[in-house]
Amino acid sequence: MIAQLLLTAMLSAILLYAWRTYRLAPAVGLLAVAAAFAGLYFVWFPAHATALAEFVGIGRGVDLIVYTWVVISLLMLVNLHLKLRAQMEVITALARTIALANAARALSEGAPSAREGPRTLQ
Amino acid sequence: MAASDRIVVVIAAYNEAPVITSVVADIRRASYPAVVVDDGSTDATGEIAARAGAFVVTHPVNLGQGAALQTGLDFALAQGADVIVTFDADGQHRPADIAPLIAALAANKADYALGSRFLGGAVNLPRKRRLMLAAATWFTRLTTGLDLTDTHNGLRAMTRRGASRIRLKQNRMAHASEILHQIAQGGLAYVEVPVTIEYSAYSLGKGQTLSESLAILIDLFARRMHR
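The listed protein sequences correspond, in order, to chains A and B. With positions in the first sequence counted from 1, the corresponding number in the working numbering is that position plus 181. With the working numbering, the residue at position 147 of the second sequence is 141, and numbering never jumps.
Quick caveat, the hints were computed from the structure, so don't treat them as lab data. Be a bit skeptical, because a hint or two may be false.
To be verified - FRET-style restraints, in silico, Cβ to Cβ: (1) B:A178 with A:L186: 49 to 59 angstroms; (2) B:R161 with A:Q268: 15 to 25 angstroms; (3) A:H229 with B:G199: 53 to 63 angstroms; (4) B:A90 with A:A215: 33 to 43 angstroms; (5) B:A128 with A:L197: 39 to 49 angstroms; (6) B:R124 with A:M191: 50 to 60 angstroms.
Said to hold, decoys possible - If you want the ones that stay clear, here's a sample from chain B, every Cβ over 12 angstroms from chain A, calculated: (7) D20; (8) H53; (9) M126; (10) N165; (11) V185; (12) S197.
Stated by the list, open to error - A partial selection of chain B residues facing chain A, derived with a Cβ cut-off under 8 angstroms: (13) P54; (14) L127; (15) T131; (16) K163.
Idealized CB from N, CA, C, for every residue including glycine.
Go ahead and model the full structure; you've got the sequences and the hints to work with.
Spelled out as structure tokens, the structure:
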């Protein structure tokens, strides 16, 4: 019973996380929701897990739950990758703004390199 | 193109100190203004490029070629460029190919004139690299629906309209196919123009390896999931 409650709390946390993720990466969010719900169901109905596990060719219901957990972890990994990408986009925007601001200042101050700036051909 | 059109050549450069002088000098000799985006180089690329006659825009940190190109496009647009040419920093492109690219824009009423080494020439192109490019071209044709012979060529000309219609988000090398995706999505008119690419030991050393190509594929895949 204690284990079931603990697992329920953890899977509920995953559900909340998936809900938040849904906006950023719908595919990841939906899969995580499905996996978490499946996990919750089997935590409370282990017999069903065993039945399903036997049906798909896995030895025990516990193994099935462990596999589900692995899948959730992998999905979170993918999501982390996406978040890092989003962060990189922010850094890029920041660096670009700095680069363009410095270039504009060099142009207006007539810095040495600015004299070679764009000009009309012919 | 009208004779009064403002043409700007954008060069994204990261640690290209050994070759950037000749690349910039050749472009200046052809009387085009050159904008070098120094992508946070750890060598003297920016300084050398400025001395060779380029206007240099400097990324404070290294972001990748795609990001550098987008910065260059932003800068050129802000300077009122009518036509923007993208040119590789490693010396494998020929400035003589720029004029035909620009002419093709007007002649075909296109927003993009894309250089093709397979319509033109590829000097010293190793067999392995040719196969990799063929695979990349096949993949990009399949995913964009564009009828192209060379999808990973950094030499291209675009109109102001064309440049302002794209927004590169792939910082690293995947931007080549990203540009094509956005051309396809935006329904922008394009034309392929034969160009010659001369491979040297230097430019080959700089080029993409198989593992980088794999990273590009993963990146493109992740982008699909992201949307």
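* Asked: So which hints don't hold here, by number, going up?
  -> Numbers 4, 8, 10, 14 and 15, in rising order.
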